[in-house]
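Undergrad: Next come the chains, spelled out residue by residue.
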Amino acid sequence: MSSTGNTGKSASNEKIAIAGLRPSDLKAILRGDQLEGTPNPKHLAHRLSFWFHFRPRNLPEAASRFTHTFHLGFLIFLFFLIELITGMILMVYYVPTPDGAYESILRLSADVPFGELLRDIHRLGAEVIIILVILHLLRTYLTDSFKGERHATWLVGVFLLVFMLGLAFTGYLLPWDQLAYWAVTIGTSMAEAVPLIGEELNRLFRGSIEIGADGLLRFYVLHVLLLPILCILFMGIHYYRVVRIHGISLPVHLDTESGQTGSQGGNNKSIRFLPDILLFETFVTCLVLLFLMTFSYFLYDAPLEHHADPSHTPLDVQAPWFFLWLQGLLKLGNKTIMGVGVPIAFFLFLVFLPYLGRSPRRKLRDRPLAMFSTGILIIIFVTLSYVGTHHYGIQLPPAVRITQDIMPEEGEGLLHTVPFDELRIGIYELDKIRSSNIPRSLSKVLSTLEKRIREASTDGYLSEAKAVFIIEDWQADLKRIALRIIWTNTKSDAPVTFERYIHLHRHR
Amino acid sequence: MRPLHLKDTYTYIATDKVMAHRLHTVILLGLLATLLLIAMVIYAIVHEPAKMSESSRKVAARSIETGAGLYDLHCRTCHGIKGEGIGQLGPALNDRPFFTERLKEVGWQDTLESYIISSSAHGRLIGTRPKYAGNESTAVMTPWLEDYGGPLRRDQIKNIAAFVMNWQPTALGKVELINLELPGVSLDDPNTINLGKRLFTESCGDCHLISDVSVPSRKAPVLDSIAARASSRQPEKSPEEYIRDSVLMPAEYIVEGFDPEILGYSCGSVLSATQLDAITAYLLTRR
Ligand code: HEM
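Line by line, the protein sequences give chains A and B. Just add 4 to the spot in the first sequence (first one is 1) and you have my numbering. Just add 66 to the spot in the second sequence (first one is 1) and you have my numbering.
Derived by calculation from the structure, the hints in this document are not laboratory data. Just so you know, not all the hints are guaranteed correct.
The following label-pair restraints were derived from C-beta to C-beta distances [said to hold, decoys possible]:
| # | chain 1 | residue 1 | chain 2 | residue 2 | range |
| --- | --- | --- | --- | --- | --- |
| 1 | B | Asn245 | A | Gln399 | 38 to 44 Å |
| 2 | B | Gln175 | A | Ser445 | 44 to 50 Å |
| 3 | A | Thr462 | B | Asn245 | 35 to 41 Å |
| 4 | A | Glu413 | B | Pro163 | 57 to 63 Å |
| 5 | A | Ala349 | B | Ser184 | 53 to 59 Å |
| 6 | B | Ala205 | A | Ile233 | 49 to 55 Å |
Not close to chain B: a few residues of chain A, all C-beta gaps over 10 Å, as computed [said to hold, decoys possible]:
| # | residue |
| --- | --- |
| 7 | Ile138 |
| 8 | Ala197 |
| 9 | Glu204 |
| 10 | His257 |
| 11 | Tyr359 |
If you want the footprint, here are the derived chain A segments under chain B, 3+ residues with CB under 8 Å [said to hold, decoys possible]:
| # | stretch |
| --- | --- |
| 12 | 181-194 |
| 13 | 295-301 |
| 14 | 423-435 |
Note that the structure is predicted; figures quoted are calculated from it, not measured. By construction, the Cβ of each residue, glycine as well, lies at the ideal position given by its N, Cα and C atoms.
Assemble the whole structure, with the sequences as input and the hints as a guide.
TA: This is the structure we're talking about:
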């Protein structure tokens, strides 16, 4: 098909490349050049299309400075893209049923080439995104780029924050291990506390009273379908507003008197998207891929504990770090007020933030209240997160606590630091140990145990406490380690025993 | 004419001189990052087979660990704490014949692991050997899989099977375990004897008479002086072993006038090893 339109002198004898456009037209569209003469009629339609405005054609140089945006928005977008790609590959192997989920994760790491790496990257990426989104929110707030014409961008951003948290939360359940199951059980228990419709809401999320096959499937559909679609949609709107409506704000010290803060305003020098920004972003992409690849290969292992067991609540259940503040709130008070009221109030507060103060002053120095309240909020969140951990407020009986720190039910304890061969077979009665030929790593465990027991008995908890540590050869490459703590109940004067044993395999 | 320098191309495509300079740096660093990335990918590709086999080893190891805990909870009461089997309650799962002969004996076509999974999933209505035949009114081993009414999920059964399979190296004599001498129950410890007396009244007193403990009964032999006659019943056994085996394998020696076949009952009650030790200790005092 040959076009009859006249696209200017230089391009008139070029071949059509795509969609009735010549290469020079494409270039012009991408760069937003003004065309001379009569443009190709198809040109206009493309020039105004949504897709070509996902990115700005040019930016004021000042707005692209690293220290202004830290490129956080782009980074989030990039990580999201990586999550989409890795997630789609993970979907091929994942089975969203209680019988199949856990096993499919095991299979992924043992039988699928790069399966474990893929899972590590997906999980690491998800945690990084949460950090980035929070930083991005703080950045736009602290540079005062969220008010006025940007209020809607902020609003869309708050939705994106909720969706991102939703993705992280729903994804957390999918491996179907004890960690996932119980963290999510706590998380969804808030739904129950909603007044009037609590029970129905709980049913809606979990599929039944407890999370089971229905709940898992619901979380799965939310995680791989609904929430990603919403994210993509809202990101589109977010980007469109930033690029087409108001531009990225300028750093405060470059504000013009007219109060213009967008890229359209001011007489700031501008740089083009092609090639400057695109190349820079490609560069960042390389760095991010390098980081993700190296970090997840050498330093990060996506956790996987025992298979979910609805009939056994493990000790020390803890939400993922980005929800610890919620768990902290739940511990502090009434479920309805703390677990539902406060979080909703917080997100409403975020929504209305752009309309609260209308002061034209943008310099952080001139916004003491903003600075102060941000500081306070951060402190509150960190404190709440601490309250959410199992270190706060939950008192296990001392003997259980000590045992749990040395050989926990789930995950790793002090005992797991001892290499298999240094778990020397024997009976170690704490008050009778002559530390002659006990391997160092093991004697560290024993001395910690002794110290903890001594502390507990001076604190008046375990009176006349004794502890025995028994390491037995159980099977080929399998040892059984028992820890027995015996003390005297001061009220009845009767001896009390707490015992736990675990099995450790050489190749665990 | 100056030869065209790489930098000049940047000046040509970049917005201006400053950006050209930035581009230059970005492209150089970007190339470096890309090279590192490629190196990393190649490294990963080279090491992937090793990494995968390590992962499978890890998965197998965890499976055995989990299985060990579950076995202890559900199976050891009959098959023994270390799979050695207990009297008529359950066969050994850790000995050589189990790993070398058993499949041929029952004519199982598939692997031993699948035999273990299937046996424990379905349970057993009637034992395949006379010793474990049971009385045909209750299953000798109830089904363990939840689909058949048991308490375990399929993945748990698989874990236990992995654990049982791990007895193979020791059963075939390829691996020697270090034996830890645990201080066993001392049979003349007064505490143990007292405990044994209490347990005897609870579990055995319904049938067996001991003059100062339970009411006269015609259901089972009077055990007043059992310690004295235990040594003569089966000369190859010590008194201690005889008492133990009377509970675990009643059919081994039949007291005249008390044939379990005719009576329709025998000692059989499920005790832990420690409890049986304590009862034995008590009975050994009845001379
Ligand atoms: C979750 C995915 C998100 C993506 C992909 C995203 C992306 C972006 C990008 C690329 C920009 C351009 C400026 C920059 O890079 O900083 C931007 C600006 C902005 N974002 Fe986001 N954002 C997200 C979430 C949020 C959230 C959670 C908020 C706050 C609640 C928010 C509020 C804003 C505001 C107010 C601007 C305008 C800033 C300015 O004009 O300087 N965004 N976003």
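Undergrad: Run every hint past the structure and note whether it holds.
TA: Right, here's what the structure says about each hint:
| no. | hint | in the structure |
| --- | --- | --- |
| 1 | B:Asn245 - A:Gln399: 38 to 44 Å | holds (40 Å) |
| 2 | B:Gln175 - A:Ser445: 44 to 50 Å | holds (47 Å) |
| 3 | A:Thr462 - B:Asn245: 35 to 41 Å | holds (38 Å) |
| 4 | A:Glu413 - B:Pro163: 57 to 63 Å | violated (36 Å) |
| 5 | A:Ala349 - B:Ser184: 53 to 59 Å | holds (57 Å) |
| 6 | B:Ala205 - A:Ile233: 49 to 55 Å | holds (52 Å) |
| 7 | Ile138 | holds (26 Å) |
| 8 | Ala197 | holds (31 Å) |
| 9 | Glu204 | holds (29 Å) |
| 10 | His257 | holds (19 Å) |
| 11 | Tyr359 | holds (37 Å) |
| 12 | 181-194 | violated (count 0) |
| 13 | 295-301 | holds (count 3) |
| 14 | 423-435 | holds (count 3) |
Of the hints listed earlier, those the structure fails to meet are numbers 4, 12, in rising order.
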